[in-house]
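Position chain B with the ligands against the provided structure of chain A, taking the given hints into account.
The chain contents come next:
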Amino acid sequence: MLQEPVIRARGLVKCFGALRAVEGVDFDVPPARCFGFLGPNGAGKTTTLKMLMGLADFDAGELSVLGFELPAQARAIRARVGLVPQGDNLDPDFTVRENLFMYARFFGLTRREVAGRVDELLEFANLTHKADARVDQLSGGMQRRLTIARALVNDPDIVVLDEPTSGLDPQMRHVIWGRLSELRARGVTLVLTTHYMEEAERLCDELVVMDHGRILDQGSPGELIRRHVEPDVIELRGEVSDGVFATLSSMSSRCERHGTAVYVYTGAPTVILDFLGEADGLTVIHRRAGLEDVFLHLTGRELRE
Amino acid sequence: MKRSIWQMPRARAAAFAVFARNFLVWRKLLGPAIVLNFGEPVIYLLGLGIGLGALVGDIGGLPYLVFLASGIVASSAMISVSFEGMYSVYTRMVPQKTFDAIMATPLDIDDIILGETVWAAFKGLLSAVAILIVAALLGAVPGGMMALWALPVVFLLGLAFAGPAIIMTAIADNYDFFNYYFVLVVTPMFMLSGVFFPIETLPGWMQTAVLILPLTHAIEVIRPLIVGEPVEHLFGHLAVLAGFAVVAYYVAVALVRRRLWD
Ligand SMILES: Nc1ncnc2c1ncn2[C@@H]1O[C@H](COP(=O)(O)OP(=O)(O)OP(=O)(O)O)[C@@H](O)[C@H]1O
Ligand SMILES: [Mg+2]
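Those protein sequence lines, which keep their order, are chains A and B. Those letters in the first sequence? Residues 1 to 305, per this note's numbering, in order. Those letters in the second sequence? Residues 1 to 262, per this note's numbering, in order.
There's no promise every hint is true.
[Stated by the list, open to error] No farther apart than 25 Å at their CA atoms in a straight line, the calculated lysine-lysine pairs in the DSS-like style are these:
hint : chain 1 : residue 1 : chain 2 : residue 2
1    : A       : Lys130    : B       : Lys28
2    : B       : Lys97     : B       : Lys28
3    : B       : Lys2      : B       : Lys97
4    : A       : Lys130    : B       : Lys97
Please keep in mind that the hints were generated in silico from the structure rather than gathered at the bench. Since we're looking at a predicted model, the values are computed, not measured.
So here's chain A without its partners, still in its complex pose (with noise of 0.2 Å):
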């Protein structure tokens, strides 16, 4: 990347007591793009994204955003970043309307500097019929795109978005990846955390896929893919004896067996597929490896917490 990064961190540690939260994780963001943090639930990419916005302290390390220095310069980055925090923290008191220029203020701004960005930011969160309606009447969908539009009234040159998606039906998600995308064409920065590898798929230029507070890699989606997995998965649900496993894993890459489910890397699956072509009663499932494969290759299957 020739560009300066808008983002910089450097050998960054964060501890809560005992507990190392964040490792010792460097990366750069470049502008205009969208960067992604992957990982399980606890893997410190909250603890990051609120260390880059200066609201939590680190133990070690550098961190720089936009130009000025954590924590120090913490309130001028404030004024050029938008937070979509994992949690709506939107003001039940306030009609949507009245959030957006309440928030404003916050910022310095006036309502007269504000109004028409203000009508702007309700019709691109589709919320212009709600606008008078009470944060409590609103949906968990339109109060998270009331709480991205609040995120963008100070028109900011980096959006952090904490799970911008979680606990939304498909139809909303497709809506706010729009939007996302739109901003991003804007030339806004994006920051998002997801555990939608679909999402990670479709928005991240480049992502990071952390655990226990350590970075394990980084890259574009499909570099990951490349350099984790085979480039084809077949999925196998049903009884699979010893036997057919053990051929299996002759004739691939990796062969693994989860659950009731055995999953069969390739970069030459046809034969397997012909092989399989006589096993009865199983279901074969042939696909494209993903970032799943990846997150899952390189985080453990092991339930956390």
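Chain B with the ligands alone, transformed into the frame defined by chain A:
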């Protein structure tokens, strides 16, 4: 890289946005607020001032209604500020996460707590104004226009009480925790600081003890202003109130930082 919670607060004019937020919400719920502000003092003044006053007669050369009204102006401001600084601030800080939302903007906790402190004092001022109006209608404000000078003192009293209330909020796990403060701090002051009877009627050692209570100092200034008498030790009393306000604001900022900073 670590911020100290005890570093000097640097609140800015931007804190006014926090005041404005609360004001705009309050304006929406004006009806119930006015019922509370006017209803309570009318009941107190009529019930105690006129009913009890008929039995008590004069106190310190003042009709009991006049004596009581000037005390209630101060005590109702204290109570109103304490409610705002505890129940309302807690609601915005904890369940509603309003402070989290504001902290993602250029405002800091210093600004938020300044805005909340001034707002709480303003709420106290409103309740004092309501009582003063009711008292004037009942003919219990002999000081006339001079009584208006009590209002800036009430505001200072509000600043002095906002900080301690926000300190309680910063260390509270739930609303029930505030019962301790009301029972151990607010109610004793309400009873002992000269609202209902002159502190001179207390035993000697208690007269000295109540001088550590900010409400005592506020009443020592507010009562003569409402009654139309000269104020003794004006600057001493104001200095005590200002001292409470400054120290409590500083501690409140530190403890809210401790709670909200990661
Ligand atoms: N304020 C806090 N005090 C103590 N521990 C914390 C605090 N905040 C986070 N942690 C711990 O730090 C670790 C990282 O948490 P973080 O919220 O950053 O994870 P995450 O990657 O965002 O997870 P999720 O996907 O569940 O949101 C977790 O073990 C969490 O329990
Ligand atoms: Mg998180």
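* To do: Measure nothing beyond the straight line between the CA atoms of Lys130 (chain A) and Lys97 (chain B); if it is 25 Å or shorter, mark the hint as holding.
  => Between Lys130 (chain A) and Lys97 (chain B) the Cα gap is close to 23 Å, so the pair holds against 25 Å.
* Is the Cα-Cα distance between Lys2 (chain B) and Lys97 (chain B) 25 Å or less? -> holds (23 Å)
* **Holds or violated: Lys130 (chain A) to Lys28 (chain B), with C-alpha atoms at most 25 Å apart** => With a Cα-Cα distance of about 19 Å, the restraint between Lys130 (chain A) and Lys28 (chain B) holds, given a limit of 25 Å.
* Asked: Is the Cα-Cα distance between Lys97 (chain B) and Lys28 (chain B) 25 Å or less?
  -> holds (20 Å)
In summary, the structure agrees with every hint in the numbered list given earlier.
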